[in-house]
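Asker: The lines below spell out each chain.
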Amino acid sequence: MKMEEMIDTYFRPGRLPHIWCPGCGNGIVTGCIVKAINKLDLQKDSVAVISGIGCSSRASGYLDFNTVHSAHGRALPVATGVKLADPGLNVIVVTGDGDASAIGGNHLIHAARRNIDMTVVLYNNNIYGMTGGQYSPLTPEHSKATTAPYGNVEKSFDIPTLVKAAGATFVARATTFHAPLLADLIAQGIAHKGFSLIEAITACPISFGRQNKLGGPGDMIKWQRDHGLQLAAYEKLGEEQRAGKFPIGVLYKAEGVKEYTEAYDELIVAAQGGK
Amino acid sequence: MLKIHINRCKGCGICVALCPKKVLAVSEVEKVMIVNEKDCIKCGQCEIHCPDFAIFVEK
Amino acid sequence: MSKILLLQGNQAVVEGAIAAGVKFFGGYPITPSTDVAESLAEQLPRVGGKFIQMEDEIASMGAIIGAALTGKKVMTATSGPGFSLKQELIGYACMAEIPLVIVNVQRVGPSTGQPTSPSQGDVMQARWGTHGDHWLIALTPASVSECFELTLRAYALSEKYRVPVILLMDEIIGHMREKIELPENYDEIPKVERKLPTCPPEEFKAYATDESLVPAMPPFGSGYRWHVTGLVHDETGFPKGTPAATLSATNRQHDKLYNNLDDIVEVENYAMEDAEYAIVAYGGAARAAYEAVDLARAGGMKVGLVRPITIWPFAEKQIKALASKVKHIMVHELNYGQYVLEVERVVKGAVPVTLFAKYDNDPATPDAILAEMKKAFK
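Chains as they are written, first to last, in this note's numbering: chain P, 1 to 275; chain V, 1 to 59; chain A, 1 to 378.
No false leads were mixed into what you were given.
Derived lysine to any residue pairs resembling SDA-like cross-links, with alpha carbons at most 25 Å apart: (1) A:Lys320 with A:Asn260; (2) P:Lys193 with P:Arg113; (3) P:Lys2 with V:Lys3; (4) P:Lys44 with A:Leu196; (5) A:Lys191 with P:Ile268; (6) A:Lys23 with A:Leu196; (7) A:Lys205 with P:Ile19; (8) A:Lys23 with A:Lys160; (9) V:Lys59 with P:Met3; (10) A:Lys205 with P:Asp8; (11) P:Lys44 with A:Glu203; (12) A:Lys240 with P:Pro17; (13) P:Lys39 with V:Glu58; (14) P:Lys258 with A:Arg46; (15) V:Lys59 with P:Met1; (16) A:Lys23 with P:His110; (17) V:Lys31 with P:Ile206; (18) A:Lys3 with A:Pro45; (19) V:Lys42 with P:Asp226; (20) P:Lys213 with V:Ala25; (21) A:Lys240 with P:Gly14; (22) A:Lys160 with A:Tyr258; (23) A:Lys179 with A:Leu152; (24) V:Lys22 with P:Glu4; (25) P:Lys213 with V:Cys19; (26) V:Lys42 with P:Pro22; (27) A:Lys195 with A:Leu152; (28) V:Lys22 with P:Cys21; (29) P:Lys258 with A:Asp56; (30) V:Lys3 with P:Glu4; (31) A:Lys195 with A:Asp210; (32) P:Lys2 with V:Leu18; (33) V:Lys21 with P:Met3; (34) A:Lys320 with A:Tyr277; (35) P:Lys193 with A:Gln53; (36) A:Lys23 with A:Ile189; (37) P:Lys193 with A:Gly48; (38) P:Lys222 with V:Cys43; (39) P:Lys258 with A:Glu42.
Treat the hints as calculated values from the structure; they're not laboratory data.
Make a model of the complete structure from these sequences and hints.
Answerer: Spelled out as structure tokens, the structure:
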């Protein structure tokens with residue numbers, strides 16, 4: 001299927017143009033989600049897209065699936081309820097850096113710990129965009145934000161390391177520049193039976209780029225091109241050469257870990273006197 | 001060869017920045033425009049990276 | 001066929017949930033409601049249902065919202081501090097019109113308060129706990145049998161009106177053991193099911209309604225791909241923030257309940273036929289009030305008990321009628337005075353309204369209530 005046909009197929013009719021600012025990468029990430037769904041040939045009725053609150057979380061409204069635009073930080077609990085109640089649904093969670101790692105941070109580690117079968121696409125634009133540029137747990141140290149006018153003195157999370165430690169069984173990262181890779185990683189995440197998270201590095205030229213003098217949308221996407229390295233290439237670099245660079249691709253994958261809804265189904269059999 | 005949905009375009013210029021053949025430009029009214037179609041090699045960089053689903057390469 | 005058991009109120013709620021067809025519970029441990037979670041963790045898998053202990057109270061609300069969207073009847077149970085945490089997503093469930101039942105076994109507050117002592121301090125929080133204008137239903141059982149019956153009724157109302165229903169218990173009712181007669185076979189209990197759309201998916205508008213003002217709600221995966229949001233939305237379900245859309249959504253969420261108060265609001269009258277005085281009490285506080293009325297009657301005082309079973313929406317019609325019937329009303333509740341404010345609002349000074357507030361961890365004895373009635377009803 002060509003990209004234009006995918007948009008016509010998987011986006012709700014009449015809802016474009018979307019609300020995102022000029023140059024915001026969220027549209028690219030959302031396009032990659034539908035490419036992944038198309039690649040896997042999932043039936044639209046079988047897909048549930050659940051988002052929180054923030055710029056990226058608006059994606060659910062554009063997509064022609066069973067969709068929930070939930071509350072700030074709460075996409076994962078709602079998604080957990082959907083998946084456990086109906087394990088036949090393919091559950092995709094759309095969330096941002098503030099939504100997933102600040103207000104929803106506790107839910108993130110616990111959903112990963114359960115290894116419940118869902119795919120989180122974490123749109124990381126390093127900032128709270130919807131509210132106008134406040135620092136998030138993924139704003140780099142020393143970057144400026146409206147609530148960090150002298151520069152951010154906080155350290156940021158490394159999301160893949162965090163969710164891997166918490167129990168996620170598929171962890172990957174790509175950027176909007178590496179969009180074909182991003183779409184492929186999302187497809188791998190959906191196909192993976194267990195908790196998967198794909199960190200999508202996406203530019204916020206208006207609320208993050210301007211404050212930090214990062215240039216326009218074109219400059220910011222070229223920055224992604226120049227700083228995201230395939231994991232194998234990244235690992236070959238020495239400590240000093242790695243500064244400012246980050247690995248992309250599949251960062252971690254565990255096979256053979258029991259998935260939560262499957263474990264629960266076995267519990268039901270046992271509770272009913274089976275095996 | 002290039003299909004543009006002008007109503008969706010927000011003139012961000014990502015396609016212009018990533019086009020290897022300088023086929024595209026952003027107009028004064030902040031919309032994408034084709035300035036050099038004959039050089040287009042249909043690489044698809046514009047389509048892949050357009051955040052607004054406003055430009056597609058027709059092969 | 002029926003069975004006779006000796007059960008706690010919390011256990012009767014669990015029996016009611018199983019009888020109502022609940023298939024999903026999301027919870028978090030908190031005294032004095034934990035027995036509900038423990039018992040459903042054991043019972044739900046036996047009927048093919050799912051139990052999950054979430055990472056916090058907010059998450060347990062989120063999980064039941066998600067499960068409700070797949071067509072399941074869902075429950076969570078909590079107490080005081082947990083009820084406060086759930087308010088965020090109770091508001092979401094009001095706005096998105098998600099049927100679900102929240103059991104709140106009240107305890108003394110605010111904050112950690114007295115976890116094992118009875119209180120009715122969450123009456124106003126049950127009504128106004130989340131932000132913004134919103135409407136929901138709260139039911140208050142006063143016996144173990146009623147815990148079972150009102151759990152069934154909570155689901156009947158929640159599904160019929162697509163609204164969160166709070167089962168507002170207190171520690172007395174939750175932990176008290178009483179004899180209860182239950183049907184042997186719960187399959188024979190009539191169940192109220194959610195309204196499903198009758199139109200084909202391509203014509204479906206998620207929040208379009210008929211004269212009932214209650215939209216149909218197809219489960220996720222059924223072919224009706226709809227959008228759920230906590231933003232103000234129009235009948236399509238997509239966000240729309242115009243004054244007209246806001247007005248229309250707000251009015252409909254109010255009217256779908258308040259056009260049907262005769263169906264929703266239940267009040268029990270005890271010894272009220274010839275009563276000249278009335279005591280208004282609910283839940284655990286009503287237990288001693290029954291006996292106080294009997295004692296007063298034995299002493300020649302013509303007093304009766306008015307016991308709201310539906311605590312929200314407020315029993316406005318019934319309390320208004322009461323004010324034209326009796327000479328004096330006493331409200332007895334286990335808090336500093338919450339429900340009394342609504343009684344006073346409706347009585348509008350037509351007759352005196354006296355409050356007997358008890359907020360020292362111990363429920364009032366019948367003698368104490370009698371003494372207060374003797375002082376007030378001169």
